[in-house]
Amino acid sequence: MITALFCNNTNNTLDNHSYLDYYVLNKDLSSIIMYVCICNAVTDKQIEASVEDGATTMKQLSAELKVGSQCGKCCQCAKKVLNKKLIQIAEQQPCVA
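Okay, so the sequence shown: first residue is 1 according to the numbering used here, each after it adds one.
Treat the hints with care, as some may be off.
As the list claims (entries may be wrong) - In silico PhoX-like cross-links for lysine-lysine, where the CA-CA straight-line distance does not exceed 25 Å:
hint: 1; residue 1: K84; residue 2: K73
hint: 2; residue 1: K59; residue 2: K84
hint: 3; residue 1: K45; residue 2: K73
hint: 4; residue 1: K59; residue 2: K79
These aren't lab readings, by the way, just hints derived from the structure by calculation.
All chains, full assembly: derive it from the sequences and hints.
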C-alpha cells in the first residue's frame, strides 16, 4: 500500500528521490522498475543484471551501460544500486572458517 504513494501504477516506475528512500529502508521493490540514468535509459534492473554478470565498480557499469557518462546526476543512485546488489551477492555466499 505504501508503494502506491510513490509509484505510478500505470507503468510501475518510481521517481529517483522516493526510490532512494525505499532503497535505504530495504523495502521490496522487485516488481518496480526505476530509471536510474535518464540520459542513457538505464534501469535499476539493468544495473543489477550487470552486477550479476560480474560488474563490481562504477567504471565497469559505465563501460557496459554508459551510466554516468553524460550529465553524471545518476552516479549516486547507480552506486547505491551497485552496492546493494554486491551486498546481496556477498550475503548469499557460504561462510568459510
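**Request:** Tell me, in ascending order, the numbers of any earlier hints that this structure violates.
**Result:** none
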